[in-house]
Amino acid sequence: MEGIVRDVIIALIKIAIVLGGVALGVAYSTYLERKVAGWIQVRFGPMRVGPHGLLQPIADGLKLFIKEDIMPRQADKLIFYLSPVICLVPAFAVLAVIPWGPDFYITDLNIGLLYIFAVASLGIFGIVMAGWASNSKYPMLGGLRSAAQMVSYEVSLGLSVIGALIFAESLSMVGIVEKQMTTGVWFVFLQPVGFVIYFICGLAETNRLPFDLPEAEQELVAGFHTEYSAMKFAFFFLAEYTNMIVVSSIATTVFLGGWGSPFAFLGIEFPRSLGIVKSVLDFGMPIFWFLLKVFLLMFFMIWVRWTFPRYRYDQLMNIGWKVLLPFAILNIIFSGLEFTLYEELDWYLFYPLAWLIMGVMVVFGFRLIKNFDQFSYSKMREEGIE
Amino acid sequence: MNPETMNELINYLIFGSLAFIILASAIMVITRKEVVHSALFLILCFFGVAGLYIQLRAQFLAAVQILVYAGGIMVLYLFVILLVNRKVIEETKRSKSFKKIFILVGLVLLLEFVLIFTGTVLKEGVKEKIVEESFNMGSTEYIGGILYTKFLFPFELVSLVLLAAMIGAIVLSKRKI
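Which chain is which? The protein sequence lines are L and W, in order. In this text, residue positions in the first sequence follow this note's numbering: the first is 1, and each later residue adds one. In this text, residue positions in the second sequence follow this note's numbering: the first is 1, and each later residue adds one.
Hints are computed from structural coordinates only; laboratory data are not their basis. Hints are supplied without guarantee of correctness; some may be wrong.
[Unchecked claim] Simulated pairs of lysine-lysine, DSSO-like, Cα-Cα distance not exceeding 27 Å:
| hint | chain 1 | residue 1 | chain 2 | residue 2 |
| --- | --- | --- | --- | --- |
| 1 | L | Lys322 | L | Lys14 |
| 2 | W | Lys33 | L | Lys322 |
| 3 | L | Lys137 | L | Lys77 |
| 4 | W | Lys33 | W | Lys99 |
| 5 | L | Lys179 | L | Lys67 |
| 6 | W | Lys150 | L | Lys137 |
| 7 | L | Lys179 | L | Lys278 |
| 8 | L | Lys67 | L | Lys77 |
| 9 | W | Lys174 | L | Lys379 |
| 10 | L | Lys14 | L | Lys179 |
| 11 | L | Lys35 | L | Lys63 |
| 12 | L | Lys77 | W | Lys33 |
| 13 | W | Lys174 | L | Lys370 |
| 14 | L | Lys278 | L | Lys322 |
| 15 | W | Lys99 | W | Lys129 |
Assemble the whole structure, with the sequences as input and the hints as a guide.
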């Protein structure tokens, strides 16, 4: 019994640290977003609350707490209340298997990555139900758009990591990172196409620009959360930024070597003479590298948001089904070949050959898509369909 | 209480609550007036089934159950429900022409279950054998291995059927190709 009690307490402490850390990270990623936006648009961003506006997220949170909570008269009350929660819970539940460091994760499932995709795919219900329960036109359209978008991009998202999984030979998140540590190569170097597809789909799954059609302001006001105010709105906001952190963390784990240091190949270890400092560093440095990689990916996502215009709806669907999906499938076929080469050849032969085949594949893929497009356009012209 | 009986008790408790969730939500699915509510209860039902899979140590199946049914198919269901005019749904609900067919299908399914259970689990000694054999059947490696060796032909056949369904859907929705 004592063992169980101890395990439960340790697990609770871990959960508290991870949830608290991520909640704080989410608050400050809104700050990061606004600061980077300001930087890109040659202005300051938040400056008033605290030094350099550092207390702005906390002020925003407090403000959202005390705002009036408005409920539309025709709304389906229960679902209207539930949907922000349905949106937020999967985003947080996924954090359970993300390995922040070699000795710091809540749990390690042997179906880790599959668990993440399964749970993350539920967040969409929050958005659709929010759109439906508001009983109002704009949220409804926003919810429908989001359903179509997320279903389309989920397929490519799932397929894009399979290449990396072939090399990892495991679905466990810790197993994937450890494989990258022992072989000494991050999967992004073996699977660059998979990484690019994953990242684009990740942007679409989190409803970030250039894929934020569900909340396109000039068409749909604020999309699915038009009718939401106060804390219920904050929940959606929180879910979006948590999802950003989750997508970046998965990309870090699967493609960027997880907690591995980019200087690991130098083989430097902290000297034993440091004593307790060494053990602290050994525990802290991997977490630092993991968080740094996540931060860089988040920065990249924000950078993309403030750089690219939004896609049109038909463009969005074309990219999802006609570009990303064929490439994801081609990438799986290629990965099988690449894995065979990887087992057979030495590294100085393998890498040039693999990257050459990869280049040919990308060129071939684009040609194929272009030909298909031309074919279907000519067909449409023949039939007289616009 | 010794640990073994306690384990068994906990197992029964988990199974009982999961079974209750599944049955209760299944009943809610067919009794709700609002179709969207039915869909939500169906998701809850899928979760209960996934829980049962986890209890049977079939983690892979549980994850796939949620990923495919709850995350994929139900989203499409909801999508269709939201797109279809409410009046149409209510009118189809009111018509009773399908009732006899549904009862017939239900009876056939029930008969099938009875046959399956009397043929396998309820036979002497079979249960113990199944329990022993299925101990690590839930792992991803095992399922992957057996799908591509022993059950390769049925597996490919199923994928062919799905392909046919896909092409069929496209042909039906687009008369002019």
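Status of the hints after comparison with the structure:
The hinted pair formed by L/Lys322 and L/Lys14 fails the criterion: a straight-line CA distance of about 43 Å is larger than 27 Å. For a cut-off of 27 Å, the pair hint linking W/Lys33 to L/Lys322 is broken: about 39 Å separates their Cα positions. For the proposed pair L/Lys137 and L/Lys77, the alpha carbon gap of about 17 Å is at most 27 Å, so the pair holds. As the CA atoms of W/Lys33 and W/Lys99 are separated by approximately 17 Å, the hinted pair is consistent with the 27 Å bound.
Of the pairs offered as hints, the one joining L/Lys179 and L/Lys67 is violated, with about 49 Å between alpha carbons and a cut-off of 27 Å exceeded. For the given pair, W/Lys150 sits about 52 Å from L/Lys137 by alpha-carbon distance, which is inconsistent with the 27 Å threshold. As the CA atoms of L/Lys179 and L/Lys278 are separated by approximately 24 Å, the hinted pair is consistent with the 27 Å bound. In summary, the hint linking L/Lys67 to L/Lys77 is supported, as the alpha carbons are separated by about 19 Å, within the 27 Å threshold.
Our distance criterion of 27 Å between C-alpha atoms is met by W/Lys174 and L/Lys379, whose separation comes to about 13 Å. Our distance criterion of 27 Å between C-alpha atoms is met by L/Lys14 and L/Lys179, whose separation comes to about 24 Å. Proximity of L/Lys35 to L/Lys63 is assessed by CA-CA distance (about 20 Å); at most 27 Å being required, the pair is judged to hold. With a C-alpha separation of about 16 Å, the suggested pairing of L/Lys77 with W/Lys33 holds against the 27 Å cut-off.
As the CA atoms of W/Lys174 and L/Lys370 are separated by approximately 22 Å, the hinted pair is consistent with the 27 Å bound. Restraint check for L/Lys278 and L/Lys322: not satisfied, since their Cα atoms lie roughly 52 Å apart, outside the 27 Å limit. Using a Cα cut-off of 27 Å, the hinted pair W/Lys99 and W/Lys129 is violated, with the two alpha carbons roughly 41 Å apart.
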